[in-house]
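Chemist: Throw the hints in and build the complete structure from the sequences for me.
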Amino acid sequence: MSLVPRRLDLLHAGAATVTGLTAIQGIEVHLRVRAADTVLVFGASGAVGTLAVQFAKSYDARVLGTGRDSEAKALVKKLGADFVFNPADDDAVEQARTFAPNGIDAVLALAGGESLRRLLALVRRGGRVAYPNGVEPEPRTPRSIELTSYDAQAGPREFDRLNHAVDKARLRVPIEGVRPLEEASQAHERIEKGHVIGRLVLKIRKEKEFRKASKQN
Numbered sequence: 001m002s003l004v005p006r007r008l009d010l011l012h013a014g015a016a017t018v019t020g021l022t023a024i025q026g027i028e029v030h031l032r033v034r035a036a037d038t039v040l041v042f043g044a045s046g047a048v049g050t051l052a053v054q055f056a057k058s059y060d061a062r063v064l065g066t067g068r069d070s071e072a073k074a075l076v077k078k079l080g081a082d083f084v085f086n087p088a089d090d091d092a093v094e095q096a097r098t099f100a101p102n103g104i105d106a107v108l109a110l111a112g113g114e115s116l117r118r119l120l121a122l123v124r125r126g127g128r129v130a131y132p133n134g135v136e137p138e139p140r141t142p143r144s145i146e147l148t149s150y151d152a153q154a155g156p157r158e159f160d161r162l163n164h165a166v167d168k169a170r171l172r173v174p175i176e177g178v179r180p181l182e183e184a185s186q187a188h189e190r191i192e193k194g195h196v197i198g199r200l201v202l203k204i205r206k207e208k209e210f211r212k213a214s215k216q217n
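Residue numbers (our numbering): 1 to 217.
Hint data in this document are derived by calculation from the structure and do not stem from the laboratory.
If you're wondering where the values come from, they're calculated on a predicted model, not measured in any experiment.
Check the hints yourself; a few may be wrong.
[Stated by the list, open to error] BS3-like cross-link-like pairs, simulated, lysine-lysine; straight-line CA separation at most 25 Å:
hint	residue 1	residue 2
1	Lys168	Lys73
2	Lys77	Lys168
3	Lys57	Lys168
4	Lys168	Lys78
5	Lys73	Lys57
6	Lys57	Lys78
7	Lys57	Lys77
Modeler: Here you go:
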């Protein structure tokens, strides 16, 4: 149980609760992002990634984000990433190296695979890589790089951290669509097909009731 952040209405707060905890704990707790760090958010156009980009920028980090097509890349750029590229490009590593010639300090890996493996070669000695449990295949790094897997924790302290981060980042929560609860199966099918930019939200209450509750909070 937590108060709705002042910057968000009930719809956007609900869409950002679990993803927000995952994003801020990755950026702040496990990667310990600081000003002037060069941070790669791998999977930046997804539900967690869109928030992680903004949280990293709120620390004055230099942020690289990934997006698989022009729409995804445009969104990540709009949310504040300094450089956005398609990790599937043949020259993806060269693009990232041009932006970060001295190496990458921290990586939040929200997806796995060969593209991520190649980019991890750019992480400097002593750098940090974090990923939520469930990312497959799991990232692998040399011993000189700190590698952390984690599950987002939820409690009063964690929600206070999230609420503070929402205000600090002036957070925007991209929502791709809102569907009634009875369309939950279709929403899950849409997610399983991939390429969902932002969040798909299931609405439990009727529109008038939802707006009334949002105003009361």
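Chemist: Can you name, in rising order, the numbers of the hints this structure does not satisfy?
Modeler: none
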